[in-house]
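Trainee: First to last, the sequence lines map onto chains A and B.
Sequential numbering of the first sequence, starting at 1, is according to my numbering.
Sequential numbering of the second sequence, starting at 1001, is according to my numbering.
It should be emphasised that the hints constitute simulated quantities derived from the structure, not laboratory data.
Source: prediction; values computed, not measured.
There may be inaccurate statements among the hints.
To be verified - No farther apart than 20 Å at their CA atoms in a straight line, the calculated lysine to aspartate or glutamate pairs in the EDC-like style are these: (1) A:Lys145 - B:Glu1081; (2) A:Lys139 - B:Glu1327; (3) A:Lys89 - B:Glu1084; (4) A:Lys137 - B:Glu1081; (5) A:Lys137 - B:Glu1084; (6) A:Lys139 - B:Glu1084; (7) A:Lys139 - B:Asp1049.
Stated by the list, open to error - Far from chain B by the CB rule (all over 10 Å, computed), these chain A residues: (8) Tyr49; (9) Leu50; (10) His61; (11) Glu95; (12) His104; (13) Gln107; (14) Ile111; (15) Gln117; (16) Lys137; (17) Asn160; (18) Thr173.
Quick reminder that beta carbons are idealized off the backbone N, C-alpha and C, glycines included.
Here is how the chains run, residue by residue.
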Amino acid sequence: MNKENAVGTAEVTRPTLPQTRTVTLTVNGTEHQLQLAPWTSVLDALREYLHLTGTKKGCDHGQCGACTILLDGKRINSCLTLAVMQEGKEITTVEGLAKDGELHPVQQAFIEHDAFQCGYCTPGQICSVIGLVNEGKAKTLDDIKDLMSGNICRCGAYANIVQVAQEALERRTGL
Amino acid sequence: MRPFTFTQVQDVDSAVQEVSAEGAKFIAGGTNLLDLMKIDVMSPSHLVDITKIALNTIEETEEGGIRLGALVTNADTAYHELVETRYPLLSHAILAGATAQLRNMATNGGNLLQRTRCYYFYDTQTPCNKREPGSGCSAIEGYNRDLAILGTSEHCIATHPSDMCVALAALEATVRVKGPQGERPIPFAEFHRLPGDNPHLDSNLQPDEIITAIDLPAQGFAQHYTYLKLRDRASYAFALVSVAAALDLEGSIIKEARIALGGVAHKPWRVPEAEAFLRGKEATTENFRRVAEAYLLGAKGYGDNTFKVELAKRAIVRALEQATKMEPTS
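Chain A extracted, bound-state conformation (with noise of 0.2 Å):
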């Protein structure tokens, strides 16, 4: 659409994008105000916005669980849900696990096991473990590596991760 300005030069009027609005998200126990449009995810969110890049961006499809976060305590992809709708929800992310300066006990038994080569699906494996003990399903071997099965590790680090998870399990039934 044009229109005449009062110098008799054409204006353009664009259409615009929908507004952003504001999301309050609460990551890693603090709550952040964040103006985002309604297409973000929530990978996206701690990503560019928070600057919280341990979570990562695998696929962005829901496919290779490299953004595995914890919401209200369970795993999902952060890739495929929007930040908007995660109000009101407790996000744990990698680097809320940490606490004074200790590793959380399942970060420190990835190190411990060698449960990685280039680290790049470590963060949502991570998650994914404590995930895994939080849910309380898993009792056999073969339950670990099915209820894992959302994580993809390029490198084939599986052998350790698996062990890292048992071990994680054991300490939470005291076995």
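Following the hints, complete the assembly by docking chain B onto the known chain A.
Mentor: Here is chain B on its own, set in the frame of chain A:
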């Protein structure tokens, strides 16, 4: 992703009103919709967040069954005590699909409305009648290993990807939906549809209707059941062929049999006449073979997927044998 406007609703009536706008879609778990929006297969201009609506419980019904709220997650449904004890077939089927992460997000209503995983539906550079009506089907003459062998049309050979829905078909669930004209129940067998001349339509749910719940009848087949899923790897893969088998046995005599197939058609595949053949018969491999033959009558392979015809027959026999022996897992 293309820009869209966004709103949150608190109740079913507001949801129905909001979704009647041109280009509007509901979002709940988002696991399938956002994936498809990122690659421009779906491009709604308005998203209606329904996750705040109180449809997130599982309760017993007066008829002796249970009601699964549309917004309960797949994980919470599969691990719910009532589902685990009374409808273990459903529990097993849900846990055979996707990953822990996805099941923690995906909802029951959304599971029913999953789109096909046909490669050409995802590939916007190729014709696909489901994505773009009238453009043609690339799969019929193309690579079709994962695709349908039953109930196909000359316009589409897509499969419905859900595991949960295969169990819901066998259990004869009812889908409760609400639209501007009020509520209506849809028997599960009539919820999804065959592609025919309109492959862009996956189900008989109208664009301005919302799924509120899924009702399960009292009969849960909790003794003799199996969800057998055959796929290229042991976890996180769609079914080549899956079978939800449920038997009500009196000794070795079959009082009732339910068989639903996944991975072979545009909807969970049931042949009630073939199931009826088993009624009053002995639970023997020979009888299972006969019913398997009847299930695959009219099956048609397209080259890469022709192996599914024999695979499905063997899977039916194996699933029924496992159900008989109370060995639900393979």
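Trainee: Of the hints given before, which are not true for this structure?
Mentor: 1, 3, 7, 10 and 16
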